[in-house]
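Okay, here's what each chain looks like letter by letter:
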Amino acid sequence: MKFYAGVDSGSWTTKAAVIDEEGHVLGTAVTRSGADLAAAAERAYATALANSGRTGDDIEAVWSTGFGRNTIPFADGSRTELDCHGRGVAYYLKGPLVVIDVGGQDAKVIRLDAAGHRLSHRMNRKCAAGTGSFLDEISLRLGIDIGELNALGRGATESLELSSFCTVFAGTELLTLIRSGKRPADLAMAAYRSLVKRIVSMDVLEGRIAATGGVVAYHPIVVELIGAACRGEVVVPPHPQEIGAFGAALAALAACEEHDTSDTAELVQP
Amino acid sequence: MTELASTNALRATMDAYYRSLADAALRKTAPVAWCTSAGPVELLRALGFAVHFPENHAAMMGAARTASRYLPLAHAQGYSQDICSYLTSDIGAYLAGESPLKAYGLERAPAPDVLVFNTNQCRDVRDWFEWYGRELHVPVVGVHSPRSIDDVTESDIDSVTRQLESLVAPLEQVAGTRLDDARLMAAMRASRDAARLWGTCLGTASARPAPLTFFDGSIHMGPAVVLRGSDDAPAYYRTLLAELEQRVENRVAAVPGETLRLYWDGMPVWGRLRALSTMFAEFHTAVVASTYCNSWAFADLDPAEPWRSVARASLELFIARSEAPKERYIARMVKFYDVDGVIFHDCRTCPNNSNTRYGMPGRITERLGIPTLVLDGDVNDLRCFSDEQARTNIEGFVEQLTDARGATSARGSR
Ligand code: SF4
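Those protein sequences? They're chains A and B, same order as listed.
Take the first sequence: its letters are residues 88 to 357, numbered as in the numbering used here.
Take the second sequence: its letters are residues 100 to 513, numbered as in the numbering used here.
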């Protein structure tokens, strides 16, 4: 049995995944990226290895992806997160698919055909709207930990709207609503609605939809709201936060297999 | 990337142009006119003006990345951050009392005797020139051209022709001379020859591998813009064309190992021209053609019919047209240059040169079955451009096109 690994160096968190040659996930890890992306990658990789019960010597190849994909010294290759998220999702779900990834600092919509090949992608503009940063800002304003936001939103009874996409403007709008006596639960839900409104306007979302990314992993409300906005089923694949790292590991596997066949092909040349 | 040997001749040509401009301003060897890039340059040359192009001036600041120092100064005057960053860079530089032409002895842009615009490209140029008109107490004249034209009609041409003719008297007055028909014909011929030669140069990129890229084109189009109406422009393009034809014959690639070919629509991101050019080369991807560079290849100028042919050329320009002819144009280019995908630069501060905003990329994909990518950025304001996001977008697009081809992607293997 051969083993492969992927590291997804995101702007907020670094994720790692270790897989076997059939693509089964043996272990994953998530760590804060901080300022030293290479160190975070080392940490995430070491933890994923430990969680998988393997050592670095067992690994055939490690591929990187994400914002810091080119800064990881031990990576044998890299692909963009657009490729790796698509790859990771396509492993679990049959296409055609629309993959919505909501990360800490970006949001992506990726279209895949029936064979899992990418047809197009859209990324958010140079702006925090529609990303995890927006929820962080809102939590800060509400004076709660980001981990509590989803539970808080569950208690919403009144349907409030934040009219602004802009994180800073939404923050001030929130303060106005707080001053006017609105309940934090309704405000939390309003923030989620605003985030999802931004995401669903990035592309036409029809057909089967898969949601991934850290925001999706920790904020199930986002998945439900996307489903409601698209009037369809939204599937969350296993380990949605580490799906990019998993996709990078699959890319490592594919590259090694390609390499193997070409070697063999050379050998069998008459 | 393989550098073109003609770059030396280009430098010499542009140097001579800037020096003559400096001479006109400092030693009063000629009256100075400022003109928009698609303005009636031939007329100005025939009247003996030295012609300065504020857009070119602004592009120089963009490329040198000094624009970021000047933009805030114009914004503080009340100009929005969302309007043309050429305008705001240029006015900002004026307010700072600086100019990229310092190397030629000019502390500021050469003081104008007259400002001449054509609104076929945008309204911003008029507002831009009128600011200087007020500031420097200089006459501002121009052509108020229709925009977003479907088919160019005879009545459009009549209107612009009449406006061009009516510029003669005020410009003669500033120049202190009468318009000489022979000089106008000569300027028209020079313009036409330069435009044709430039068009032919760009056309060589239909070869595989392409001998030049959009990034080369953005630099080498200098003479086609600033030396229209002067014999120096066709002279330069003969040199360039000879080199490009040689390249095609010897199969010399602008991007060694050219694998993918792309088309670029929209403005360059001047402050990242080299970085983007290097990045595409790293991906073995040649951006072989662009709307931008081809916009100066209007070849239908007719010295026998100067006013009408200039009017027609200025109206037929891509930027002056409506969505339908623009779409047809891009479709023709995609076919001619045989590209794998189209990149649309959504230039934040120039809606006039951004063809992303009314659904064009989607229609192109649908109509031609060709993938498109929209890149957010700006011509001069680098605050509207994210290096990381651009890289991921472009690299992701390259991956997508490579995978679609079924080619084995060697990219990424170290
Ligand atoms: S076309 Fe765009 S970049 Fe050019 S002058 Fe007008 S607004 Fe500025």
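Treat the hints loosely; a few may be bogus.
[Claimed, not checked] With a straight-line cut-off of 35 angstroms between C-alpha atoms, the simulated DSBU-like cross-links for lysine-lysine are:
id, chain 1, residue 1, chain 2, residue 2
1, A, Lys-269, A, Lys-181
2, A, Lys-284, B, Lys-425
3, A, Lys-181, A, Lys-284
4, A, Lys-181, B, Lys-201
5, B, Lys-127, B, Lys-201
[To be verified] Far from chain B by the CB rule (all over 10 angstroms, computed), these chain A residues:
id, residue
6, Lys-89
7, Glu-109
8, Gly-110
9, Ala-125
10, Thr-167
11, Pro-183
12, Gly-191
13, Ser-220
14, Ser-267
15, Leu-292
16, Glu-293
[To be verified] Pulled a few chain A residues facing chain B out of the computed Cβ check, cut under 7 angstroms:
id, residue
17, Arg-130
18, Thr-134
19, Leu-169
20, Asp-170
No lab work stands behind these hints, which were simulated from the structure alone.
Glycine is no exception: its CB is placed at the ideal position from the N, C-alpha and C atoms.
Verification of the hints:
no., hint, result
1, A:Lys-269 <-> A:Lys-181, "violated (43 angstroms)"
2, A:Lys-284 <-> B:Lys-425, "holds (32 angstroms)"
3, A:Lys-181 <-> A:Lys-284, "holds (26 angstroms)"
4, A:Lys-181 <-> B:Lys-201, "violated (62 angstroms)"
5, B:Lys-127 <-> B:Lys-201, "holds (17 angstroms)"
6, Lys-89, "holds (17 angstroms)"
7, Glu-109, "holds (22 angstroms)"
8, Gly-110, "holds (18 angstroms)"
9, Ala-125, "holds (15 angstroms)"
10, Thr-167, "violated (4 angstroms)"
11, Pro-183, "holds (14 angstroms)"
12, Gly-191, "holds (13 angstroms)"
13, Ser-220, "holds (14 angstroms)"
14, Ser-267, "holds (31 angstroms)"
15, Leu-292, "holds (14 angstroms)"
16, Glu-293, "holds (14 angstroms)"
17, Arg-130, "violated (22 angstroms)"
18, Thr-134, "violated (24 angstroms)"
19, Leu-169, "holds (4 angstroms)"
20, Asp-170, "holds (5 angstroms)"
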